[in-house]
Amino acid sequence: MVFLAADPGHAKEASVANAAPLFSGGASAGRNIQLSSLRGKPVILVISPSPRERAFRGQMSELKGRYERLAAQGLLCFSAFTREGGRIRSNIPFIEVNDPSATAAAYDVSKGFAIAVIGRDGNLDCLSTRPLPGQRILDLVMNNASVQEQLRR
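Going by the working numbering, the first residue of the sequence shown is number 1, and it counts up by one from there.
Calculated from the structure, these hints are not laboratory results. These figures come from a predicted structure and were not determined experimentally. Careful: at least some of the hints might be erroneous.
Cross-link-like lysine to aspartate or glutamate pairs, in silico, EDC-like; alpha carbons within 20 Å at most [claimed, not checked]:
(1) Lys41 to Glu96
(2) Lys64 to Glu53
(3) Lys111 to Asp99
(4) Lys41 to Asp108
(5) Lys111 to Glu68
(6) Lys64 to Asp99
(7) Lys64 to Asp139
(8) Lys111 to Glu96
(9) Lys111 to Glu84
(10) Lys41 to Glu68
Full structure from sequences and hints, please.
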């Protein structure tokens with residue numbers, strides 16, 4: 001697991017200690033969804049050369065068992081395929097990133113697989129080059145710093 005330093009080029013709020021690099025998605029479906037417009041919603045970004053990669057398929061298997069609970073938290077899922085696109089064999093709805101190669105580079109993923117969990121506050125809570133267990137993703141989403149702050153009120 002790797003944790004990235006905040007990008008000094010992005011303005012950030014006091015609560016955003018580790019700002020996630022920005023990206024957009026949905027152009028293939030006629031939409032343009034900016035990460036910055038998703039404040040208040042947890043996001044995962046899965047980067048992979050292709051949907052046929054073993055690590056990607058393994059991550060889909062992990063997400064499948066927890067997706068209902070993740071969806072109840074408002075989770076949005078993005079995919080960035082850097083080599084070849086294709087159909088994602090899953091019932092989990094994914095939004096395709098508009099520029100997969102640039103997004104992978106922004107997350108410092110030069111090749112292979114990675115998954116990023118981005119909290120409701122825009123923090124990059126986790127970046128892993130290995131598939132994460134579904135329960136770990138759920139824990140990250142449910143125990144994000146902004147969620148903990150609301151619970152303390």
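Hint check results:
1. Restraint check for Lys41 and Glu96: satisfied, since their Cα atoms lie roughly 17 Å apart, inside the 20 Å limit.
2. Simply put, Lys64 and Glu53 have alpha-carbon atoms about 17 Å apart, close enough for the 20 Å limit, and the pair holds.
3. A hinted pair counts as satisfied when its Cα atoms are at most 20 Å apart, and Lys111 with Asp99 qualifies at roughly 15 Å.
4. Annotation: proposed proximity of Lys41 to Asp108 is violated, straight-line Cα distance about 23 Å (limit 20 Å).
5. With a C-alpha separation of about 30 Å, the suggested pairing of Lys111 with Glu68 is violated against the 20 Å cut-off.
6. For the hint pairing Lys64 with Asp99, the CA-to-CA distance comes to about 26 Å; that exceeds 20 Å, so the pair is violated.
7. Restraint check for Lys64 and Asp139: satisfied, since their Cα atoms lie roughly 15 Å apart, inside the 20 Å limit.
8. Between Lys111 and Glu96 the alpha-carbon distance is near 18 Å, which keeps this suggested pair within the 20 Å criterion.
9. Between Lys111 and Glu84 the alpha-carbon distance is near 13 Å, which keeps this suggested pair within the 20 Å criterion.
10. This hinted pair checks out: Lys41 and Glu68 have alpha carbons roughly 15 Å apart, not beyond 20 Å.
Checked against the numbered hints listed earlier, the structure breaks hints 4, 5, 6; every other hint is satisfied.
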